[in-house]
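Trainee: If you want the building blocks of each chain, they are given just below.
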Amino acid sequence: MPGTWLFLILVTLSVLGYIMGHRKAVSVSGGSNRVMHSLLPYHGWNVGLATFLAGLFVMVVAALGRALMGVADGNNIALSVLTLAGACAAFYVTHARIERGYRARDGVEKMIRVILILASSIAILTTIGLVLSMLFEARNFFGQYPWTRFFFGTNWAPNFRGDSDLGMLPLLWGTLYVSFIALMVAVPVGLFAAIYLAEYAGPKLRAVAKPLLEVLAGIPTIVYGLFALITVGPILRDVFAIPMGLGESASSVATAGLVMGIMLIPFVSSLSDDIINAVPQAMRDGSFGLGATKSETIKKVVIPAALPGIVGAILLAASRAIGETMIVVMGAGAAARLSLNPFEAMTTVTVKIVSQLTGDTDFASPETLVAFALGITLFVITLGLNVLALIIVRTYREQYE
Amino acid sequence: MNDMRIVERDVDTQAIKFDCENVQVYYGDNHAIKDVNVRIESNTVTAFIGPSGCGKSTFLRCLNRMNDTIDICRVEGKLSLDGENIYDRKVDPVQLRAKVGMVFQKPNPFPKSIYDNIAYGPRIHGLVDSKADLDMVVERSLRRGAIWDEVKDRLHAPGTGLSGGQQQRLCIARAVATEPEVLLMDEPCSALDPIATAQVEELIEELRTNFSVIIVTHSMQQAARVSQRTAFFHLGELVEFGKTGDIFTNPKDPRTESYITGRIG
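If you're matching them up, the sequences are chains U and D in order.
The number in our numbering is simply the position in the first sequence, starting from 1, with 46 added.
The number in our numbering is simply the position in the second sequence, starting from 1, with 5 added.
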């Protein structure tokens, strides 16, 4: 709570800074913008923003310093005093400097740039922190469990009393198998849908169909999971698995893959549609002008021109498929298994991360720490896919510009 | 290349290629082309001139039915190529466009290699049976496009990596590769610098030996340099059509005179 109060006081002080800065500017200039270097509101903003940023800066530095020196809690008063002192100092300095020639506008623009830099670095720093914390825990895990058995072990049998087999290959296999089936569904359907929407559909149909398709992307994956559990799973089992003698499980790789594929269709089609639309009309005209039909034009000019972007879209879809959890839990089951039969229950890396960390955990035994090793493996795989997608898209993007 | 140069020939005895009678074009409610009658001869360069928005590009695009791709566009009247009405139900616009090639205002090479750009048309229309034939067609087309010497060592480099003028000559070579009878050019030099323009104009003069060329241009000097026939369009009407020399030195219609002396447009 004191933190919240401190923040509120800081905000109030900044607002006060704006008002007083503006007032002083008005009195200095006599209410006319023309005699000042900067417009009057800039003087207000300058004081307000400087107060806020200085307070925030002191607060963060003081909090970090306290944490580093290992001072216990209860020193909130010192922190608050320091913060407010910093804010007031900035207030005083900027307020005192207001005069006709003062370049408040430049100051405001610098501070806005600082805010933008802060916003973008928070995302990056968080990612780095995330990776570091996972690496740290994963290192603990590999201190207790040989990495060769983890990466090349074919048996996954965690046992909370110790002495578990924690080979990740069955999980990785399940992940790749489910993702593969999902992409087999999503890529052709999504791509054809995109081609239809971008090249053939009239403007009216397009105006209706495209948002409709994108609604699919907004459905929570747990709903897809329910669909897999109560509809697709039993149907696949009764129609294919049992008559073909391939198993009696309603949870299967095929179920999860199929439903996940449906989930990915709007993803693939929406991205590909944008990319196909970005191919210049001049390309199509050039092809028509040579006597090519519409489908020849699409096949030989539009798709090749859009291909890098489409590949990028597919790789992005693949990394989503690999990271998907809910549909797999409900559709594919939880049995770690190395099998080619698509109608058998299998499981994926993400599902096992969840199951290793739910319940009472002490983050000391290899059975729980393995989740971090799995997490970092998954992170590396999807990161690799995303980087590959970005490289492909960037390398070939300029070809038709 | 210069040995292919042909001295100015008498064009008066050429056969009629396009015969257009009472052509009307509408964009929705807008009457864009009004009552155009024109006869375009083979082995002749015909220039369409006129102020912006006068309908010259629209009329050009009627000649290979490129306007079909625009939903609200409607064409009436009789346009015949070698005596056959090209807007007849029996005519496949795709086949027509193979006979009436087109070069656009902005160079638009496909994002493929130079070789594949040229080979595109012949492959689609099945004009060649073997790789060796295709190689030959590609070389011949690039030579006709007056760009062979510049690209012969990098046929498999992307066509988009060429300079603007080279790209435009590549596009001309690409249009030539399908062996059209007529070549339509929609302001082919407007995106080019003077040197590239000169190269393309020289090329147009050479193309006349094999094709009938129709060129839309904003530059009256260009029309005077490259064409034997000139048509002047104004507000959707064909004001005057005749020998280029007559149009520029002795125009019959006062509007033509105003335009070429710079008073309208």
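Among the hints, a few may not be true.
Derived list of chain D stretches under chain U, where covered just means 3 residues or more per stretch with a C-beta under 8 Å from a C-beta of chain U [to be verified]:
1. 96-107
2. 116-130
3. 205-214
Below are the DSSO-like pairs computed for lysine-lysine, each with C-alpha atoms no more than 30 Å apart in a straight line [claimed, not checked]:
4. D:Lys157 with D:Lys111
5. D:Lys257 with U:Lys340
6. D:Lys117 with D:Lys39
7. U:Lys156 with U:Lys256
8. D:Lys248 with D:Lys136
9. D:Lys95 with U:Lys345
10. D:Lys157 with U:Lys346
11. U:Lys346 with D:Lys117
12. D:Lys248 with U:Lys340
13. D:Lys117 with U:Lys345
14. D:Lys136 with U:Lys346
15. D:Lys104 with U:Lys340
16. U:Lys345 with D:Lys136
17. U:Lys346 with D:Lys111
18. U:Lys346 with D:Lys83
19. D:Lys117 with U:Lys340
20. U:Lys345 with D:Lys104
21. U:Lys346 with D:Lys104
22. U:Lys156 with U:Lys70
23. D:Lys248 with U:Lys346
24. U:Lys345 with D:Lys83
Just so you know, the hints here were simulated from the structure itself, not pulled from any lab data.
Being a predicted model, the structure only gives us computed values, none of them experimental.
Beta carbons: idealized from backbone N, C-alpha and C, even for Gly.
Trainee: Please go over all the hints and tell whether each is borne out by the structure.
Mentor: For each hint, the structure was consulted:
Evaluation of the coverage hint for the segment 96-107 of chain D: fulfilled, as 8 residues show C-beta separations to chain U shorter than 8 Å, against a requirement of three. With a threshold of 8 Å between beta carbons, the proposed coverage of the segment 116-130 of chain D by chain U holds, since 6 of its residues qualify and at least three are required. Coverage of the segment 205-214 of chain D by chain U is violated [criterion: at least 3 residues with CB-CB distance below 8 Å; count 0]. For the suggested pair Lys157 (chain D) and Lys111 (chain D), the alpha carbons sit about 23 Å apart, so the restraint of at most 30 Å is met.
Taking the CA atoms of Lys257 (chain D) and Lys340 (chain U), the gap is about 44 Å. The hint is violated against a cut of 30 Å. For the proposed pair Lys117 (chain D) and Lys39 (chain D), the alpha carbon gap of about 40 Å is over 30 Å, so the pair is violated. Distance hint between Lys156 (chain U) and Lys256 (chain U) is unfulfilled; the C-alpha atoms sit about 42 Å from each other, more than 30 Å. Annotation: proposed proximity of Lys248 (chain D) to Lys136 (chain D) is violated, straight-line Cα distance about 44 Å (limit 30 Å).
Between Lys95 (chain D) and Lys345 (chain U), the direct Cα distance comes to roughly 26 Å. Compliance with the 30 Å bound is thereby established for this hinted pair. Annotation: proposed proximity of Lys157 (chain D) to Lys346 (chain U) holds, straight-line Cα distance about 24 Å (limit 30 Å). Our distance criterion of 30 Å between C-alpha atoms is met by Lys346 (chain U) and Lys117 (chain D), whose separation comes to about 10 Å. Annotation: proposed proximity of Lys248 (chain D) to Lys340 (chain U) is violated, straight-line Cα distance about 38 Å (limit 30 Å).
Annotation: proposed proximity of Lys117 (chain D) to Lys345 (chain U) holds, straight-line Cα distance about 13 Å (limit 30 Å). For the suggested pair Lys136 (chain D) and Lys346 (chain U), the alpha carbons sit about 18 Å apart, so the restraint of at most 30 Å is met. Annotation: proposed proximity of Lys104 (chain D) to Lys340 (chain U) holds, straight-line Cα distance about 17 Å (limit 30 Å). A hinted pair counts as satisfied when its Cα atoms are at most 30 Å apart, and Lys345 (chain U) with Lys136 (chain D) qualifies at roughly 21 Å.
Taking the CA atoms of Lys346 (chain U) and Lys111 (chain D), the gap is near 20 Å; set against the 30 Å cutoff, the hint holds. Simply put, Lys346 (chain U) and Lys83 (chain D) have alpha-carbon atoms about 34 Å apart, too far for the 30 Å limit, and the pair is violated. The suggested pairing of Lys117 (chain D) with Lys340 (chain U) holds, with an alpha-carbon distance near 18 Å, which does not exceed 30 Å. Taking the CA atoms of Lys345 (chain U) and Lys104 (chain D), the gap is about 22 Å. The hint holds against a cut of 30 Å.
For the suggested pair Lys346 (chain U) and Lys104 (chain D), the alpha carbons sit about 20 Å apart, so the restraint of at most 30 Å is met. As the CA atoms of Lys156 (chain U) and Lys70 (chain U) are separated by approximately 21 Å, the hinted pair is consistent with the 30 Å bound. A distance of roughly 42 Å separates the Cα atoms of Lys248 (chain D) and Lys346 (chain U); the hinted pair therefore is violated under the 30 Å criterion. With a C-alpha separation of about 34 Å, the suggested pair Lys345 (chain U) and Lys83 (chain D) falls outside the 30 Å cut-off, and the hint is violated.
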